[in-house]
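**Student:** Here are the chains, one letter per residue:
There are 2 protein chains.
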Amino acid sequence: MGGDYAPEIVVKGARLARVRYPDARFLFFGDEAKIAPLLKADAALSACSSIHHTDQAVTGDAKPSQVIRSGRQTSMWKAIEAVKNGEAAGVVSAGNTGALMAMAKLIMRPLPGIDRPAICGLFPTKLGETTMLDLGANAQCDARNLVEFAVMGECFARAILGVERPSVGLLNIGSEDAKGTDMLRQASQILRSSHLDMEFKGFIEGDDITKGTVDVVVTDGFTGNVALKTAEGTAKMFAAFLKNAIKSSILAQIGMLLAKPVIAQVVARTDPRRYNGALFVGLNGVVVKSHGGTDSIGFANAIGVAVDMIARDLNSKIAEQLAHIEAQEAVMAEAVSE
Amino acid sequence: MGGDYAPEIVVKGARLARVRYPDARFLFFGDEAKIAPLLKADAALSACSSIHHTDQAVTGDAKPSQVIRSGRQTSMWKAIEAVKNGEAAGVVSAGNTGALMAMAKLIMRPLPGIDRPAICGLFPTKLGETTMLDLGANAQCDARNLVEFAVMGECFARAILGVERPSVGLLNIGSEDAKGTDMLRQASQILRSSHLDMEFKGFIEGDDITKGTVDVVVTDGFTGNVALKTAEGTAKMFAAFLKNAIKSSILAQIGMLLAKPVIAQVVARTDPRRYNGALFVGLNGVVVKSHGGTDSIGFANAIGVAVDMIARDLNSKIAEQLAHIEAQEAVMAEAVSE
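So the protein sequences, as listed, match chains D and G. When you line the first sequence up against the working numbering, it's residues 92 to 429, in that order. When you line the second sequence up against the working numbering, it's residues 92 to 429, in that order.
Note that these hints are calculated values from the structure, not bench results. Treat the hints with care, as some may be off.
It does not matter which identical chain is meant; a pair holds if it fits inside one copy or across any two.
[Stated by the list, open to error] Computed list of lysine-lysine pairs in DSS-like fashion (alpha-carbon distance at most 25 Å, straight line):
{"no.": "1", "residue 1": "Lys327", "residue 2": "Lys351"}
{"no.": "2", "residue 1": "Lys334", "residue 2": "Lys217"}
{"no.": "3", "residue 1": "Lys338", "residue 2": "Lys327"}
{"no.": "4", "residue 1": "Lys327", "residue 2": "Lys175"}
{"no.": "5", "residue 1": "Lys327", "residue 2": "Lys125"}
{"no.": "6", "residue 1": "Lys125", "residue 2": "Lys334"}
{"no.": "7", "residue 1": "Lys327", "residue 2": "Lys217"}
{"no.": "8", "residue 1": "Lys351", "residue 2": "Lys292"}
{"no.": "9", "residue 1": "Lys217", "residue 2": "Lys154"}
{"no.": "10", "residue 1": "Lys334", "residue 2": "Lys408"}
{"no.": "11", "residue 1": "Lys351", "residue 2": "Lys338"}
{"no.": "12", "residue 1": "Lys338", "residue 2": "Lys217"}
{"no.": "13", "residue 1": "Lys292", "residue 2": "Lys217"}
{"no.": "14", "residue 1": "Lys351", "residue 2": "Lys125"}
{"no.": "15", "residue 1": "Lys302", "residue 2": "Lys338"}
{"no.": "16", "residue 1": "Lys327", "residue 2": "Lys408"}
{"no.": "17", "residue 1": "Lys217", "residue 2": "Lys125"}
My request is simple: use the sequences and hints to build the entire structure.
**Tutor:** Have a look at this one:
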């Protein structure tokens, strides 16, 4: 069990999730001596939970290459293995992201046709919510990876945002066809020519993410991670500026008391805990990564993402879309060889 | 003369700048029939201005490769040439960014030792301001380009932020040495080993930009452009959420009247017009790019950046720092050949 405040927030998050999902069962992997007293405090949760003891945990700074060699006794490994063995339907972790992805790929294996599983999350926008991937699993990508991300993100948006025909955009530094990198132009070309049943909108720019221009923002893991953290940082800076400015004036403090209910709405709409729980898409199983620094409300939301994904048959939809691309690639290869 | 609202905001911006910089002279390149009536409205500005007529302008969608072949009669070309010929000390444009950079490189030439000039701008942070480059001139970079950006950005921060010893960070997706791309690890290695007199802080992440962790954020033009636009979009989304929420409640509207003066402070601190004016660093001359959609206040600020850079001897400081890197490269090359 990982993250900055484990196991407390993990068990507390499960307490909240149990109320929302009364049919869920919880398997806790970690130090029994620490988990058992926390579980005892909630008889209803205890009744649908089991503890799987191990005193080994993946540390926050462990290298993925190292934990996949020597991490078989860790709570993370055992939790993923439980999914692989059919004892659990999905895994939620607030631990080391790189280690979680490396172990999940090794134990669960990627879906057929998927070269690189990706991290997929939700963003608030002016119009509602958007999906973005990859948020950091793959720092270096090629055009084919981006095409796979587009397919997976579109299926995810359909399942989790409930959009019937999600629109998809490739994150670039201009919307014209000639802009950006070779990789992006090639990915755009494949997406346009592969007869996918997809609302592909071409290139979008950084400010389109929060404008809500598309339902799915596709990018490499480097750019996606920087964009995600830059947006988080900008939001925090604004909140800090407002807080400090209001503190400096009695009138403003009175004013803020009057505005409090509507400010609370804005805070709730953009609360990072609401968007906690990024899905690792492209794996033979459900793996959800919670932010390491979240609280029990955020962790409960991450469990919610896992429950949603388990309830929906995302992977078979992804396989169906990939078949279109592979058919198109075969046609192109044949055209070249003729 | 370019940008969305030229020539009106350009002339109006110059009116504001003239008051701030009484010694400045203004050369307007563009359609005399349009510029002359605007200039007439301000006798003081007219007295220190000249109009250089041409009816050709670079359009917003023109390709850089095309304008450098056939754009010799455009206002942009003539303005850059005026700097090259010593008739003007610097050029400010709200026109097509790619065309401006391509022409400036061709006419002014990059500084000796600089492979790729970059676009350098300012960002608000929790602690004050930070410099970021490249904001979009070079979508694809190598490690040596990033090292040059670090040197140029550090000199820029010293000149324009007035920081005696600016700290420099490489934008990455984690702060550990093994994170990110090969390019970033190599750039970090060169910066650490080249005995530069530079406060190099290693890798930083997206949220460090607005935290103010470093004075200079170094990144490739693709990532920098996405980060800049993502931050702008996030700020606009928050402003829109607040505005809509307040509109929905009479109490909140009264509250906002009381808080208005402090809200105005926050708005002023993060006003994009305040940060308008990105410098093209690494050229034999001063070129400042204004946002195409800015107003006269924003354009006046872009003129201010040009005046500041002309007043300081940025380029000789850049050359001095580059000499350290080249000396180190020579040592390394010798070590390899032995």
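**Student:** Compare the structure with each hint and give your call.
**Tutor:** To see whether the hints hold, each was checked on the structure:
1. When the C-alpha separation of Lys327 and Lys351 is checked against a cutoff of 25 Å, the pair qualifies both within a copy, at 18 Å, and between copies, at 21 Å.
2. For the homomeric pair Lys334 and Lys217, the shortest alpha-carbon distances inside one copy (23 Å) and between copies (12 Å) are both at most 25 Å.
3. Taking CA atoms no more than 25 Å apart as the test, Lys338 paired with Lys327 passes in both settings, with 16 Å inside one copy and 23 Å between copies.
4. For a Cα distance limit of 25 Å, the shortest separation of Lys327 from Lys175 qualifies neither inside one copy, at 39 Å, nor across copies, at 44 Å.
5. In this assembly of identical chains, Lys327 and Lys125 lie within 25 Å of each other by CA distance neither inside one copy nor across copies; the values are 33 Å within and 45 Å between.
6. For the identical chains of this complex, Lys125 and Lys334 are neighbours neither inside a copy (38 Å) nor across copies (47 Å), given an alpha-carbon limit of 25 Å.
7. With identical chains, the CA atoms of Lys327 and Lys217 are at most 25 Å apart both within one copy (17 Å) and between copies (9 Å).
8. When the C-alpha separation of Lys351 and Lys292 is checked against a cutoff of 25 Å, the pair qualifies neither within a copy, at 39 Å, nor between copies, at 40 Å.
9. Taking the shortest alpha-carbon separations for Lys217 and Lys154, neither the intra-copy value of 38 Å nor the inter-copy value of 32 Å comes in at or below 25 Å.
10. For a Cα distance limit of 25 Å, the shortest separation of Lys334 from Lys408 qualifies neither inside one copy, at 46 Å, nor across copies, at 40 Å.
11. Taking the shortest alpha-carbon separations for Lys351 and Lys338, both the intra-copy value of 14 Å and the inter-copy value of 13 Å come in at or below 25 Å.
12. For the homomeric pair Lys338 and Lys217, the shortest alpha-carbon distance between copies (16 Å) is at most 25 Å, but the shortest distance inside one copy (28 Å) is not.
13. Proximity of Lys292 to Lys217 under the C-alpha cut-off of 25 Å is restricted to the intra-copy arrangement: shortest distance 18 Å within a copy versus 36 Å between copies.
14. For the identical chains of this complex, Lys351 and Lys125 are neighbours neither inside a copy (39 Å) nor across copies (50 Å), given an alpha-carbon limit of 25 Å.
15. Taking identical chains as interchangeable, the C-alpha atoms of Lys302 and Lys338 lie at most 25 Å apart only when they sit on different chains, with a minimum of 20 Å there against 31 Å within one chain.
16. Taking the closest pair of Cα atoms, Lys327 and Lys408 never come within 25 Å of each other, the shortest separation being 37 Å inside a single copy and 35 Å across copies.
17. Taking the shortest Cα distances, Lys217 and Lys125 never come within 25 Å of each other, neither inside one copy (43 Å) nor across copies (39 Å).
Of the numbered hints listed earlier, those contradicted by the structure are 4, 5, 6, 8, 9, 10, 14, 16 and 17.
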